[in-house]
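Engineer: Sequence:
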Amino acid sequence: MPELPEVETVRRGLATLIVGKKVVHESHDWPKSFPNTKADVEQFLIGANITAINRRAKVLLIELSSGYTLVTHLKMTGQIVFRGDAVFGAGHPNDSLIGELPDKSTRVTIDFSDGSHLYFNDQRKFGWMKLYPTLEVPEIDFMKRVGPEPLEDDFTAKDFSVRFTRRKNTSIKAALLDQTVVAGVGNIYADESLWGAQIDPRRKVGDVSGSEFERLYEELRYVMNLAIEKGGSTDKNYVDAEGKRGSYMDFARVFRREKQLCPRCGAIITKIKHAGRGTHVCENCQT
DNA sequence: CACTTGACCTGTCCGC
DNA sequence: TGCGGACAGGTCAAGT
Numbered sequence: 001m002p003e004l005p006e007v008e009t010v011r012r013g014l015a016t017l018i019v020g021k022k023v024v025h026e027s028h029d030w031p032k033s034f035p036n037t038k039a040d041v042e043q044f045l046i047g048a049n050i051t052a053i054n055r056r057a058k059v060l061l062i063e064l065s066s067g068y069t070l071v072t073h074l075k076m077t078g079q080i081v082f083r084g085d086a087v088f089g090a091g092h093p094n095d096s097l098i099g100e101l102p103d104k105s106t107r108v109t110i111d112f113s114d115g116s117h118l119y120f121n122d123q124r125k126f127g128w129m130k131l132y133p134t135l136e137v138p139e140i141d142f143m144k145r146v147g148p149e150p151l152e153d154d155f156t157a158k159d160f161s162v163r164f165t166r167r168k169n170t171s172i173k174a175a176l177l178d179q180t181v182v183a184g185v186g187n188i189y190a191d192e193s194l195w196g197a198q199i200d201p202r203r204k205v206g207d208v209s210g211s212e213f214e215r216l217y218e219e220l221r222y223v224m225n226l227a228i229e230k231g232g233s234t235d236k237n238y239v240d241a242e243g244k245r246g247s248y249m250d251f252a253r254v255f256r257r258e259k260q261l262c263p264r265c266g267a268i269i270t271k272i273k274h275a276g277r278g279t280h281v282c283e284n285c286q287t
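Every letter in the first sequence is one number past the one before it in our numbering, and letter 220, counting from 1, is 220.
Just so you know, these hints were derived from the structure itself, not from any lab. All values reported here derive from a predicted model rather than from experimental measurement. Beta carbons are placed, not taken as given, at the ideal position from N, Cα and C, and that holds for glycine. Each hint should be verified, as a subset may be incorrect.
[Claimed, not checked] Derived CB-CB ranges, DEER-like:
#	residue 1	residue 2	range
1	N49	R264	49 to 55 Å
2	G210	P31	47 to 53 Å
3	N225	K158	16 to 22 Å
[As the list claims (entries may be wrong)] No more than 30 Å apart at the CA atoms, straight line, and that leaves these computed lysine-lysine pairs for DSSO-like:
#	residue 1	residue 2
4	K21	K125
5	K158	K144
6	K125	K32
7	K21	K38
8	K125	K75
9	K75	K21
10	K236	K125
With the hints as constraints, model all of the structure from the sequences given.
Structural biologist: Right, dumping it as structure tokens:
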């Protein structure tokens with residue numbers, strides 16, 4: 001599920017909902033979802049206050065007053081949902097995907113001193129939360145290797161195209177999905193931005209021209225900014241920190257629109273398998 | 001090193 | 001209705 005816009009949406013929600021709260025209890029039923037020892041939890045999580053919520057690529061960083069950070073990756077089906085006294089989203093089926101919590105997919109529960117709760121749900125169990133000393137977070141392998149944030153103001157089209165030179169023999173889609181090239185791009189926004197730039201996802205990086213890279217840069221930033229504005233994309237599982245769906249899928253031009261008409265040229269959109277992923281393309285106007 | 005494929009999991013959908 | 005297989009938004013470890 002979550003790519004950069006979804007994780008950013010969760011981050012913004014959590015920043016208003018849980019910063020300042022004090023953790024009093026944690027429980028989990030699947031060790032891989034929260035691999036720290038009980039002693040670490042006691043020492044660095046219980047009794048700590050939430051001081052800030054940050055994001056790098058698709059990783060959520062929940063900072064604690066203990067000097068530790070709860071590093072969180074939602075992978076494919078992770079959800080982080082806050083519940084206070086009110087049940088957010090209940091009775092609004094178009095707005096919320098989930099009801100009572102904890103539910104069947106709840107892997108981790110964190111309780112706050114004011115009686116509110118944070119739930120980490122993850123149907124497929126690929127995601128995880130893990131405590132790291134805050135100062136060591138930049139030393140985590142993934143953090144050292146991940147590429148630049150594509151939405152930063154000082155990230156230019158030139159910076160973007162230069163990142164791809166190392167991968168000139170692979171396809172443009174495989175390179176876009178490579179987190180060491182650029183941070184935060186996943187299957188939805190790869191397909192959407194390539195459609196916007198009118199580039200066939202199977203093209204070799206080495207055959208993509210400078211002006212095409214400029215278009216792709218603009219389109220990637222456009223779709224990701226739009227997706228953040230729309231609260232992300234809910235295809236199946238994704239919800240924000242209040243349990244609400246995102247609406248970008250209503251604006252998608254190719255993703256999950258196979259057999260429908262291309263909004264640009266009217267040809268039929270096809271779905272193929274490429275780079276090990278379902279890939280949506282208009283074979284008529286993406287060349 | 002660059003590149004590709006399989007593994008990690010559960011749930012759903014599709015064809016027989 | 002049941003059953004097998006393919007597939008799902010991500011990343012790593014292995015393999016070539």
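Engineer: Against each hint, give a clear statement of whether it holds in the structure.
Structural biologist: Against the structure, the hints come out as follows:
{"no.": "1", "hint": "N49 / R264: 49 to 55 Å", "verdict": "50 Å, holds"}
{"no.": "2", "hint": "G210 / P31: 47 to 53 Å", "verdict": "49 Å, holds"}
{"no.": "3", "hint": "N225 / K158: 16 to 22 Å", "verdict": "20 Å, holds"}
{"no.": "4", "hint": "K21 / K125", "verdict": "27 Å, holds"}
{"no.": "5", "hint": "K158 / K144", "verdict": "22 Å, holds"}
{"no.": "6", "hint": "K125 / K32", "verdict": "8 Å, holds"}
{"no.": "7", "hint": "K21 / K38", "verdict": "21 Å, holds"}
{"no.": "8", "hint": "K125 / K75", "verdict": "9 Å, holds"}
{"no.": "9", "hint": "K75 / K21", "verdict": "26 Å, holds"}
{"no.": "10", "hint": "K236 / K125", "verdict": "15 Å, holds"}
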